[in-house]
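Asks: Next come the chains, spelled out residue by residue.
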Amino acid sequence: MGALLEADAICVTFGGLRAVDGVSFTVNAGEIIGLIGPNGAGKTTIFNALVGLQPLTSGFVRLGGERVSGLKPHRVAQKGMTKTFQNAALFPDMSVVENVTTAALLRHDLHGARTKAEAVLEKLGLNGIAQADVADLTFPQKALVEMARALATEPRVLLLDEVMAALTHSEMDEVMEVIRGLRAEGLSFLVVEHHMRAIMALCDKLLAVNFGRLLAHGTPAEVAANPQVIEAYLGHGAVGKEAAHA
Amino acid sequence: MGVIQPLSGPNAQFGIGAQRGTELAAEMINAAGGIKALGGAKIKLVAADVPTPNTAAAATQRLISQNGVSAVVGAFVSSTTIAASEVTERAGIPLITFAFADQITSRGYQHVFQVSPKGTVFGEAQFNYATEIAKAGGEKVDKIAILYEDTAYGTAQAKGLRDAAKKAGVEVMLDEAYPLGITDVSPLVNKLRASGAQMAFPVSYLNDSLLIIRALRQQKIDIPVVGGAAGYIIPDFKKGLGDYAEGVLSVAAASGDLIPELAAKYKEKHGSFITHEAIMHAAALDAVAQAMEKAKSSDPQKVRDALATLDYCAGFARGVPGGCIKFDKTGLNTSAFPVMVQWRGDEPVTVYPPQAAKAAPIWRGKPMK
Amino acid sequence: MRSFLSPGRVALLLFFLAAALLPFFVDPRGHLLRVAAMVLLFAAMAQSWNVVGGLANQISLGHAGFFGLGAYTSTLLFLKLGISPWFGLFAGALVAGSAAALLSIPTFRLKGHYFALATLAFAEVMRVIANSWASLTGGPVGLSIPFMGSQPAYFAFRAVSSYYWIILALLVLVCLVFHLLATGAIGYRLRAVRENENAAEVAGIDTFRVKLTASVISAALTAVCGTVFAQFTFYFDPDSIFALASISVRMAMIAIVGGLGTLAGPILGALFLIPLEEVANALLSSKAAGLSQFAFGVILIAAILIQPRGLMAYWPKKRHPAGSRGA
Amino acid sequence: MLEVCDLSAAYGGPDVLSGVSLEVKAGETVAVLGANTAGKTTLLRAISGLVPKARGHIAFEGTALLGRPAHAIPDLGIGHVPEGRHVFPRMSTLDNLLMGAFCHRDARDLTERIERVFKLFPRVKERQTQMAGLMSGGEQQMISIGRALMGTPKLLLLDEPSHGLAPLVVDELHVAIGEINRQGVSVLLVEQNAMLALSVAHRGYVLEAGHVVLSGTSDELSADPGVRRAYLGI
Amino acid sequence: MFQALVDGILLGGVYGVIATGLSLVFGVLGVVNFAHAEFLMLGMYVAWFAWRWLGLDPMLGSVLSFIVVFAVGYLVQRTLIERVLKAPPAAQVFLTVGLLIVIENAALMAFGSEFRSVSVPYQVEGYRLGDIFIGAPYLYAFIAAIILAAVLWLYLERSWTGRAIRAVAQDPMASTLVGVDTRRTYALAFGLGVALTAFGGAVILPYITVSPTVGGQFVVLMFTVVVLGGLGSVAGALAGGIVVGVVQSMSTLVFPIQLQNLCLFVIFIAVLALRPQGLIKGA
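Chains as they are written, first to last, in the working numbering: chain W, 240 to 485; chain Y, 106 to 474; chain U, 6 to 332; chain B, 30 to 263; chain Z, -11 to 271.
If you're looking for bench data, these hints aren't it; they were derived computationally from the structure.
Since this is a predicted model, take the numbers as computed values, not measurements.
Keep in mind that a hint or two might mislead.
[Claimed, not checked] Computed cross-link-like contacts, SDA-like style, restricted to lysine to any residue with a CA-CA straight-line distance of at most 25 Å:
no., chain 1, residue 1, chain 2, residue 2
1, Y, Lys344, Z, Leu250
2, Z, Lys74, W, Ala374
3, Y, Lys407, Y, Cys418
4, W, Lys318, U, Leu316
5, Z, Lys74, B, Arg119
6, U, Lys116, Z, Leu250
7, Y, Lys248, Z, Asp119
8, Z, Lys74, U, Leu18
9, B, Lys82, Z, Phe99
10, U, Lys116, Z, Ala75
11, Z, Lys74, U, Val303
Construct the complete structure from the given sequences, taking the supplied hints into account.
Replies: What follows is the structure, encoded as structure tokens:
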């Protein structure tokens, strides 16, 4: 199997409600895949299910051909997949470098982890704020630090949950540059993003979800032209009469 | 002189009574001219609150090194006393107590004196006296129940009861420990009723004793109940039970009617009758004062030696059944024995054994000869 | 952390130096030294609690359970088998550590109030067992350490100062362990778990193992304190050794009043509270029963309301004194 | 009716809203559009007094709102349907509606008010004795709106009513919102579903990163390529 | 066997009311009140003094206990608890533990340490149903507890303030949006919670003694009941009370009474571990 990450008909049910309903997709090495859909469509639940924070009701997740569904998140991280959180879940009582070092401990001893953390911060251009208290950071900085923390676990697949929310256009460009750079080193990404501009510019392929189901997948242009997707986003009426909803 | 008593916490009631006893004894000695051999030196009491054994060690140490006490009197609670004695023994200070766990004088310590009989002796007496009274009342007892709280005091006394019953060939139908501070005794009483025992021996502090007596009445169980000191012979027992206290028998270490004039003084001062813990601790203090007279010194070591050879039969010592304080090698008062008291009106009256009795016991409503 | 001699470290070293010199200036058998020994012992206990309560932010109200296990294990080994309490010390640590590991299985998911309740019940279970299993534990009568003069091999000394040295050494040891935990790899992981468990998991931290390690270490250290306490006070009984207010809550309170999760917090807290209590007991207990305990409670409430981060918050510091924000 | 002047707000960190000004006239439906973290919800929360650190000026029928305790605001005639619906999950539908009239608990016309809600949402009537927490998202949204209407508001704040709902239900709500407005209640509608919002509203504002970047009538905004771009990047 | 069952139910009804207060406080404020049992003690003292000075039977004195302790609770909430509502659990735990120590020792200073007990005529009466004995005070306390539970249910279900309390418990933000003053409601709920417990304390006075340390005997019991019923669930607390009463009573048929509490603790830890939301779900 060529796919690095494979989700096979994953379902998540919360007390009768099907939050994720039979979603399947694959991510190949070095790909950047976008996951789009309106609020409440189940994107974050899919992320949580992939990394093991949310137990699956059915279906499988495989990483590099090896089954990772059913493992605890730290085991999944060890296998090479981790995620960032929607509202930057940093460890608030630690400095930036401490936050990143903690994650680097997964594959290094304390000394090695510090070195690794500094290297990651350097790569993301964050060495200027390495000693800062995370409470003092701006939102974009927090998002970057969280990305740095995730990178410190040395993943093969990184799931980014709205890292670009509330960024200005130039900040967004910077972050996209970083992501592209990492992809060039062989890292794969699955990103949830609301800024369509960023998603369109960044992703190789898009997955669109709504009501926990996959609506469409394909190149950004294909997906953006899909009537169902437009309707999910703009509400019906936006695409005119041809978009009779099923 | 140091006085350690539980003035707060669940046993405070007894500690306060005991402290009042020591205060009364000290006042009387001072009023009579203090320790004459030391030029009329007055006794000064330094009190410390020891609600738990943990605090006892620290408080005792403080009395010894900060206040330079010659001797320590107290405490009412057995475990607290044991904790304190570990300190006094190591410091070479005499400790005189009324607490009656067997361990207190069975460790071969040189500086511990127990004015009362041991807990097991109490248990034995509780059983023997009661069966003898019953026999005199024409009732042969061969099935009994033992109920006790799981404290040092309760377990020691229950052991005495158990052994005495075994010796007398009486069957123990129920032998049940329950936690201190039990909130509901109905399972206990259910078990008692089902056991078919003819007589019940509860060993408990006040809360449980009230609960047990009331529950028995509710269930119309008329098994005689013979209390094991502590909760059964303090003023609140009567306050709590009212008329149902009348006629309840209990074993006791001492009783106010043995020293009527001193008891009257106490009552005048505090408004209630003198409890046995007050008498015994007063006697303990009295004994130390006598030892000082005898040693002509307040040096702890000399006081200890004088105590070891003391034979004192006056003052508060007369309140101890047997009338004297005389310690054996282990530090136990050899002349003391427990008595049986029975509630008559507002006070318990000594009814057994005959040599100490002030009135005849009443068995199932009938007075005995 | 860069310079070895930060003001904090200097203060801490000065404290230990002063503590080491104290016996030369006061009566070696006296009360003052005894109080000082209690200060150090309670500082050590609070520091042990701090490993779980401060670093992992799990509020345990049941550390008396481990404390008592230490005291009972070493004392029973000595009384029944004649094994020196010096070995009993390690046996106690082992028993308490195992108990902590067992307790972790049902409680590791619990947080905040639920964890506090479960640990409280654990200590109560220990107390009931010690009370009821009289053939082994001596039951409610408690256990006495036999008096046998000075026998260093059996942890028995005449002078208070000997115990004082041992307790001081214990405190140094516990502080060292705490420091290594706080600054080592596990310290990073513990703080991460404390602050955001999900994020910690995703960052590759086995949160269960981290919490387990902390609670086992904390329990073992507490048990060592229990053994030393038993040897020092010569006597204990189930009600006092497994007590909620005077052991479990006090350990936690000293750490909190001093500064939760900080190295110096428990020492500051013990230095402040234990003498205060001693003075209150000496001055007030014969005046009005309950007054000193009342004062103790008022101080606790005041400490929580005025400065929940403890006395350490008043120590001038550049950055955060790892506070108590929970997830 | 409602005037918001130079409103800024933050939750401890950087400003979520900075210098927002807008107004709602009596009888109007006004939409506020914008991406996820643009500050729309904060705007509504600030009007309802739930953002203690809000600065600037908000006036409702001439009464200043900032600084007033949150629980005193509904009585002025402002109903707020919060994001995520926030029904009382372990209360029956009927009790949920009754809670909406808490400010008017002595009013005599409570039954009539309930009937009016039932008329608007017949489905709510069918399930009036059920626990609200067990009902579907759409039904919960109807209860939440009904609850706000029980206070007979003059202005209704609606926060993402179509969030996570199936298209058919969204249609139903859309009709109901129009009806509510026709009955004389002004509406301030926050939506991500831009086209739906504009089809109901008379006017609209577009928020981006805490600033108002566009405003105009619904028709103007619907035709604006900027709005399309902001949502789909095309 | 049946005797134990009946005893357990009678006892459990009262446990239920006592624990309901604790559960209500947690349900509405999200604070675990470790000092809750101390309000039981206060309620008992109020009823005792009402009996002593006014000659009121504790069954009637319980109403007075309810009112007085409600006022105390209201004040405690406004002055102390309110300030830690949003604080981390550690602050809440230790604030209430401090409160426990303060109240207990204040009572010790004010009332002395002696055990006090009322004496009322029915105290030593009992009823007999076949082989089963029912002590009159147990029966009366049970009836009083059931009546109070019914009144509480009506209050929470039917009155405006009762509904507001439930609303705040379920969603404080939405409650504010419909005009409920949450601060006042919190204080009301706290006062009500401690008053319920005080009432429970008063009605058991005929078969129990009161002293400053009586609260300590009920702490773990209360928490077991509440955790069993689900923290925050009022109906669950009542059911939990009965379960605990029956377990406590039945366990003595098999185990020594000494181990009565051990059974409770084991259940307690097991429930916490397996189903921290409680065994019995309810409103």
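Asks: None of the hints should be skipped; say for each whether it holds.
Replies: Comparing the hints with the structure gives:
no.: 1; hint: Lys344(Y) to Leu250(Z); verdict: violated (33 Å)
no.: 2; hint: Lys74(Z) to Ala374(W); verdict: holds (19 Å)
no.: 3; hint: Lys407(Y) to Cys418(Y); verdict: holds (21 Å)
no.: 4; hint: Lys318(W) to Leu316(U); verdict: violated (44 Å)
no.: 5; hint: Lys74(Z) to Arg119(B); verdict: holds (23 Å)
no.: 6; hint: Lys116(U) to Leu250(Z); verdict: holds (23 Å)
no.: 7; hint: Lys248(Y) to Asp119(Z); verdict: holds (22 Å)
no.: 8; hint: Lys74(Z) to Leu18(U); verdict: violated (37 Å)
no.: 9; hint: Lys82(B) to Phe99(Z); verdict: violated (48 Å)
no.: 10; hint: Lys116(U) to Ala75(Z); verdict: holds (14 Å)
no.: 11; hint: Lys74(Z) to Val303(U); verdict: holds (21 Å)
When each numbered hint is compared with the structure, violations occur for hints 1, 4, 8, 9.
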